[in-house]
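Q: Each chain is listed here by its residues.
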Amino acid sequence: MRNITDTFESLKIALQAIKANKARGLLTTLGIIIGIVAVVTTMTAANGLENSFKESISVLGSDVLYVSRTPWVHSGRWFEFRNRQNLTLKEADKLKTQLKRAVAVNPVTDTRRSIKYRSRVIDDVSIVGTTDKHIVVSSGVPDYGRFLNHYDVEYKHFVCVIGSEVKKRLFDTVDPINKKMKIGRYDFRVVGVMEQQGGAGMFGGPNFDMQIYIPITSFMKAFGGRDRDFDFVVKAPSTEVLPDFEYELVGEMRKIRKLKPTDKDDFSINQMSTLVAAYNNVMGVVVMIGLLITGVSLFVGGIGVMNIMFVSVTERTREIGIRKAIGAKRRTILTQFLFESSVICLLGGLVGVIFSFGVTALINSTVMPASISIPIVIIALAISVLVGVFSGIIPAYRASRLNPIEALRYE
Amino acid sequence: MAFEIDNIFKIYQMGGVEVPALRGVSLRVKKNEYIAIMGPSGSGKSTLMNIIGCLDTPTSGHYFLEGEDVSTLKDDQLAVIRNKRIGFVFQTFNLIPRSNIFHNVELPLIYSGLPASRRRKLAEEAIEKVGLSDRIKHKPNELSGGQRQRVAIARALVNNPSIILADEPTGNLDSATGAEIMTIFDQLHMSGNTIILVTHEQDIAEHAHRVVKLKDGQVESDEIVRNGRYAAQEQSA
Ligand SMILES: Nc1ncnc2c1ncn2[C@@H]1O[C@H](COP(=O)(O)OP(=O)(O)OP(=O)(O)O)[C@@H](O)[C@H]1O
Ligand SMILES: [Mg+2]
Chain A
18 MRNITDTFES LKIALQAIKA NKARGLLTTL GIIIGIVAVV TTMTAANGLE
68 NSFKESISVL GSDVLYVSRT PWVHSGRWFE FRNRQNLTLK EADKLKTQLK
118 RAVAVNPVTD TRRSIKYRSR VIDDVSIVGT TDKHIVVSSG VPDYGRFLNH
168 YDVEYKHFVC VIGSEVKKRL FDTVDPINKK MKIGRYDFRV VGVMEQQGGA
218 GMFGGPNFDM QIYIPITSFM KAFGGRDRDF DFVVKAPSTE VLPDFEYELV
268 GEMRKIRKLK PTDKDDFSIN QMSTLVAAYN NVMGVVVMIG LLITGVSLFV
318 GGIGVMNIMF VSVTERTREI GIRKAIGAKR RTILTQFLFE SSVICLLGGL
368 VGVIFSFGVT ALINSTVMPA SISIPIVIIA LAISVLVGVF SGIIPAYRAS
418 RLNPIEALRY E
Chain B
635 MAFEIDNIFK IYQMGGVEVP ALRGVSLRVK KNEYIAIMGP SGSGKSTLMN
685 IIGCLDTPTS GHYFLEGEDV STLKDDQLAV IRNKRIGFVF QTFNLIPRSN
735 IFHNVELPLI YSGLPASRRR KLAEEAIEKV GLSDRIKHKP NELSGGQRQR
785 VAIARALVNN PSIILADEPT GNLDSATGAE IMTIFDQLHM SGNTIILVTH
835 EQDIAEHAHR VVKLKDGQVE SDEIVRNGRY AAQEQSA
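Which chain is which? The protein sequence lines are A and B, in order.
Numbering of the first sequence is given in the working numbering, commencing with residue 18 and proceeding in unit increments.
Numbering of the second sequence is given in the working numbering, commencing with residue 635 and proceeding in unit increments.
Derived by calculation from the structure, the hints in this document are not laboratory data.
A few of these clues could be false.
Unchecked claim - Computed cross-link-like contacts, PhoX-like style, restricted to lysine-lysine with a CA-CA straight-line distance of at most 20 Å:
1. A:K199 / A:K173
2. A:K185 / A:K197
3. A:K346 / A:K111
4. A:K39 / A:K29
5. B:K763 / B:K773
6. A:K117 / A:K252
7. B:K718 / A:K346
8. B:K773 / A:K36
9. A:K29 / B:K773
10. A:K199 / A:K133
11. A:K196 / A:K185
12. A:K346 / B:K708
13. A:K111 / A:K277
14. A:K36 / B:K708
15. A:K29 / B:K771
As the list claims (entries may be wrong) - Sample of chain B residues lacking proximity to chain A, with all beta carbon distances greater than 12 Å (derived):
16. E638
17. E700
18. D837
Beta carbons: idealized from backbone N, C-alpha and C, even for Gly.
One chain only, chain A, in its complex shape (with noise of 0.2 Å):
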């Protein structure tokens, strides 16, 4: 009870010392305002590309190998893999029989075309030549219409599925469905639009919503199949399974291209994990390029604080020495000095709060999704008021000590 009172008494006096010096605060806090700034939006980024790393790789599977001529991810060994072969479909129809564990062999190439539509045109769409098993291997489902089927595949149907972003900007409000729409040169009828994926287009990797899947024998007569490469899309039974599956999918590889037990692979499995740790990697240096900047600035602005308290102590010298006279203890000046840093910085850390509410919306309408949440605000209010802390310390330690004759004769 006694403690309450004092803490909200010690708060009170804070706020009217506070109030008294507006201005200088304010300035002080400036600091800390950067730095609460750079932890909020920090946070923000990461918690924003995390999600939207999840929503885009969540649609590859973690069930999935993907058999490609280059590793996703590598570190500029380009001559390694120059030599290498394309893989054909041939060889996908080798796997497909050699590999009885496989769920599905589905293989895949891309290209990229103009679209049109009436007098609507965009450029420079992925158009991807796949199969009937598109479905077994990636989580997408058609949204309405219909995904490729085995006919489309055998007989060289030119039809199409579209993604759900170039559904919006090629037909608006018009149903897609069964409409024509030209890929380069080509008609395709449309059969289907895939539900929205989410980008993973921040990434380098595809945006799946802006994708036309095709019929891989209609791509190949469309676009040409020769020298062509080719992903073969492995879905194992299960992802527990997956290393024993990798290792079986290597083997069979390996026989396909006739490999000796000497020879290199000529080809690399490239998985879900690949991503994540690569993109663990992009999202460490973010984060400590975040935390690097807040760190700074709120230690600059914690210095710039702990020199306007010293000022503050050294003006309320008298005002110490008649506290003290009256009965004040050491600890409720040190309190009351303490308040006086944490809620400087704490109002610091308010205004920077709702400063990182402008900066999350900018991120928001430009690079990518994001929003700052409770927790988020919670940790940089209380980053705040440790600051506050840290850097009231001294100056309420000093001011706690004072002798109350020598603080009176103070003038």
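Using the hints, position chain B with the ligands against chain A.
A: Then chain B with the ligands, alone, in the frame of chain A:
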């Protein structure tokens, strides 16, 4: 017995040189005494008051406040004594400029941890005693010197202390205002308080019934005065 000081020395160190401010002062003060301390500048009056007020500790000697030896207490223990048992009135008022009258008077009660409702009641009573109830929300700089000193007196007596100490309380006031302040001290004395005040002025000292004169850090004289204004008031009462 209100307090007793016994052979007190206070020696200041000034760059290696010892400056004795008090050299063996002894004093016994009974409850409800009204004492004026006089003496030339530098004779040690303030030093003595600070020790009696527990703002300072003697270099040697003993100080018994209501029988308890307080000469060896630590900082925070002295703070409690200043808070509960001493009321100090300064020449320069020493109010907190940012706080209004009420808060200034309430402050000692906050430091003794009283709940707000009780603080309000006691502070309002004290402010009423010094006749400033209509100025309760004013800041010190909106008051005259005499009014400020009354606020300081209200603050000194709000915790119902054993001793009220006043170091030249009228030193910054003109003589008419000083006289008003002295009537407040007289009233406090009549209602049972123990009062010790330092003054240079004979007519202020005449309010007291005992005058202690210091010289060079020693008691030069200590006598009961019965012919002062105090005596006249006592006779008429
Ligand atoms: N903090 C200090 N350091 C050194 N010497 C001091 C200190 N305080 C007081 N003194 C010395 O102690 C002596 C007594 O001082 P004190 O203030 O008690 O005198 P006083 O009687 O109150 O004088 P005045 O009438 O001018 O107020 C003086 O010589 C003074 O210089
Ligand atoms: Mg003096």
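Q: Is the nearest Cβ of chain A still more than 12 Å from the Cβ of E638 (chain B)?
A: Check passes; 22 Å lies beyond 12 Å.
Q: Check the non-interface label on D837 (chain B): least C-beta distance to chain A beyond 12 Å or not.
A: Fine: 27 Å to the nearest Cβ keeps D837 (chain B) off the interface.
Q: Checking one constraint from the list: CA of K773 (chain B) to CA of K36 (chain A), max 20 Å. Satisfied?
A: 15 Å, holds
Q: Quick one, are K117 (chain A) and K252 (chain A) close enough, alpha carbons at most 20 Å?
A: The hint holds at about 11 Å.
Q: Take the C-alpha atoms of K346 (chain A) and K708 (chain B), compute the straight-line distance between them, and say whether it is at most 20 Å.
A: The given pair, whose Cα atoms are some 11 Å apart, holds under the 20 Å limit.
Q: Measure nothing beyond the straight line between the CA atoms of K39 (chain A) and K29 (chain A); if it is 20 Å or shorter, mark the hint as holding.
A: Given that 20 Å is the threshold and the Cα spacing comes to 15 Å, the pair holds.
Q: Regarding the pair K763 (chain B) and K773 (chain B), is the alpha-carbon distance no greater than 20 Å?
A: Distance ~19 Å between K763 (chain B) and K773 (chain B) Cα, so the pair holds.
Q: For the pair supplied as a hint, K111 (chain A) and K277 (chain A), confirm whether the alpha-carbon distance does not exceed 20 Å.
A: 18 Å, holds
Q: Can the restraint linking K196 (chain A) and K185 (chain A) be considered satisfied, given a maximum Cα separation of 20 Å?
A: 14 Å, holds
Q: Can the restraint linking K199 (chain A) and K173 (chain A) be considered satisfied, given a maximum Cα separation of 20 Å?
A: Since the Cα atoms of K199 (chain A) and K173 (chain A) sit roughly 16 Å apart, the hinted pair holds (cutoff 20 Å).
Q: Are all C-beta atoms of chain A more than 12 Å from that of E700 (chain B)?
A: Non-interface label on E700 (chain B) holds, nearest chain A Cβ at 17 Å vs cutoff 12 Å.
Q: Taken at face value, is the distance from the CA of K773 (chain B) to the CA of K29 (chain A) at most 20 Å?
A: 17 Å, holds
Checked against the numbered hints listed earlier, the structure breaks hints 3 and 14; every other hint is satisfied.
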